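We have chain A; now place chain B onto it with these hints.
Residue numbers (the working numbering), protein chains in the order written: chain A, 1 to 333; chain B, 1 to 290.
For the record, the hints were derived by calculation from the structure and aren't laboratory data. As the structure is a computational prediction, the values presented were derived from the model and not from experiment. The beta carbon of each residue, even a glycine, is placed where N, CA and C say it ideally should be. Just to be clear, a hint being listed does not mean it is correct.
Now the stretches of chain A that chain B is said to cover, found in silico as 3 or more residues with beta-carbon under 8 Å [to be verified]:
#, stretch
1, 35-49
2, 83-97
Over 10 Å on every C-beta distance to chain A, these chain B residues come out as not near it, computed from the model [said to hold, decoys possible]:
#, residue
3, Asp2
4, Arg110
5, Pro131
Below, a sample of chain A positions facing chain B; criterion: calculated Cβ distance under 10 Å [claimed, not checked]:
#, residue
6, Leu69
7, Val71
8, Val104
9, Val115
10, Arg219
11, Thr232
12, Leu277
13, Lys280
14, Tyr281
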Amino acid sequence: MEWISILNYPVYLAIFVCIYGCLAIGLNIQWGYAGLFNAGVAGFFAIGAYTSAILTTPHAEGRIGGFDLPVPAGIVGAMLLAALIAWPIGRICLRFRSDYLAIVTIGVAEGIRLVARSEEWLTNSARGISGIPRPFGDLPYAQAQLAYLGITAAILLVVYLLVERQAVSPWGRMMRAIRDNEDAARAMGKDVPHRRLEAFVLGSATMGLAGALYVHLARTITPDAIDPMLVTFLVWIMVILGGSGNNRGVLLGAVIVWVIWSMSEIVTDQLPAEFALKAKYGRMFLIGLLLQVVLRFRPQGLLPEALRKTPRDGNRRRAAEDRTAPAAGKIED
Amino acid sequence: MDLLSFINFFLLPGIVQGAIYALGAIGVTLIYAIMRYGHFAHGDLATFGAFIALAVTTALGLSPYAALPVAVVFTGIFAICIDRLFYAHLRTFPKIITTIASFGVALMLRSFVQVVWGVNTTSYVHGITRPENWLGIRIKSHEIITLVVAVALVVILHQFLTRNKWGKAMRAMSDNPDLALLSGVDNGKVIALTWIIAGGLCAASGFFLGINTELKSVMGWNILLPTFAAAILGGVGRIEGAIVGGLIVGIAEELSVLIIPGEYKVMSAFAILLLVLLVRPTGLFRGKVL
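This is chain A alone, in the form it adopts within the complex (with noise of 0.2 Å):
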């Protein structure tokens, strides 16, 4: 079986491309649709991730469970409770302007972090925890690496469609209004931190979904693994380079971002030890500085928000103006 084993560095990049393309549909929800800062997006990872790793490793000692549940429990497990976190946060910060929940987040994934540090009886600390069951995770590498491809692509798949399918209903249409001019959405009577809310609900639950994609593949969990300012802010590369608002550009974001990372990667290993360790710093800096290029350049992104309808001759030019506007809706004061 020569031929497979060819295909498991592409295989293992689109694995992560799936898992990257969770998180940003995750994303899209929250900014793309309902305009919200979320820049904890590592946190609702990291709490999906531990949550599923608790939920269906066998028992261990010293800490809480394993409960040795099946992984789609598993997964379930994690939406659930990356939902749970976020209800309270989006309570308390989405009657106001987006920064407000965006330094929230930031402590929320540091809580996260700290309690995944210093909890032994719940994450083993820095041990971390490991022994995590994969789907098919008993054939040889290349097989069970292409079937866990399956499984994570049927899943970002079904993700995919119902968030569009979310999107073309009354609800989307209704979160695009909310996001495009709050005061007028509140005139017709919708409740706008409310509807937030749930955008911001679904959306973390998502990104925990993505977290127990990620812990099934690793099958190891250590505080470390996730590295909360990357994570974070290549996701949210992904969604700006890719075009906020719609879910097809968030994918193609997913799937250029991941693979100029990993791919950048592969080059820096080729350098002396004394300058790779660098050059991973030098990659960051250049992921922070391509996304104020796209802000510059084409602030709407690779694949911009389609507006469905043509309108009338009057409003033809401004909406063609408005469409190369960013997705953000005028929510400052």
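Same frame as chain A, now just chain B:
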């Protein structure tokens, strides 16, 4: 616990830490008041300033305190450059876009520090400073200098904002940018001035954080949450609020170890932030609500 050990182990370290937060929070609050967005690169700008001071100290062999003014001025000018390069063209967009850009700038600043100075912990001066004993109150010389310089900076800033023509222009623009523009205030110059002040104070806060603890590449990111908590607790846009807020957050952090485990010390700022948003979003001094 008697009064002296309470002062020595909790109150004084809290005040020193609070002064560091206050210096950062003044910048955050000024930027919000004049430009109307949260600046998330503030913590990493502080790291940058602290490492500039380190570079000056090691390159010229000066005392770190002599390097402080250099770092303050340099970081102030550097902040204007950041604004021109990355924020200025976003002014017509919704403000939250600039906040996202500042998040990217934070990553760039931090990576820059990591590439140039590495990720290891370092410090300005090696060895342990012995605390001085004043009637039982034990305080280290760098703590005294932190407090004196912080108070001096705040007094100078206050005089500038209330007496100087440009300081008044800044306050005018904070109150009503359109009216200020019509009255002949040059908004571009006020924005540049704001960045110089905020950047300089930011470098000072990073420097004092470095001299009271140690220098590392993530130290600025770690003080971002307490800094914002201080600014919001004091009331966004209120300078006196940022000072009081900084002191409260700093003292609360030190006192929190009495009731919660030490690892969660930084979470007390988070708790204060949530409490303020829940109970009094305008902050103690009735600032703006974002």
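Quick rundown of the hints versus the structure:
Coverage of the stretch 35-49 of chain A by chain B holds [criterion: at least 3 residues with CB-CB distance below 8 Å; count 3]. By the rule of at least three residues with a Cβ nearer than 8 Å to a Cβ of chain B, the coverage given for the stretch 83-97 of chain A holds, with 5 such residues. Every CB of chain A lies more than 10 Å from the CB of B/Asp2, the least distance being 31 Å, so the non-interface label holds. Separation of B/Arg110 from chain A is inadequate, the least Cβ-Cβ distance of about 8 Å not exceeding the 10 Å criterion.
A cut-off of 10 Å between C-beta atoms confirms that B/Pro131 is not in contact with chain A; the least separation is 30 Å. About 30 Å separates the beta-carbon of A/Leu69 from the nearest beta-carbon of chain B, more than 10 Å, and the hint is not met. Interface restraint check for A/Val71: the shortest CB-CB distance to chain B comes to about 32 Å, outside 10 Å, so the restraint is violated. The beta carbon of A/Val104 comes within 6 Å of a beta carbon in chain B, closer than 10 Å, and the hint placing it at the interface holds.
Here the hint on A/Val115 is kept, as its CB sits about 9 Å from the closest CB of chain B, short of 10 Å. At its closest, the beta carbon of A/Arg219 sits 27 Å from a beta carbon of chain B; the interface hint therefore is violated under the 10 Å criterion. Nearest Cβ of chain B to the Cβ of A/Thr232: about 8 Å, under the 10 Å cut. The hint holds. Nearest Cβ of chain B to the Cβ of A/Leu277: about 8 Å, under the 10 Å cut. The hint holds.
About 9 Å separates the beta-carbon of A/Lys280 from the nearest beta-carbon of chain B, less than 10 Å, and the hint is met. For A/Tyr281, the interface hint holds, since its Cβ comes within 10 Å of a Cβ in chain B; the closest pair sits about 4 Å apart.
In summary, the structure is inconsistent with hints 4, 6, 7 and 10 from the numbered list given earlier, while agreeing with the others.
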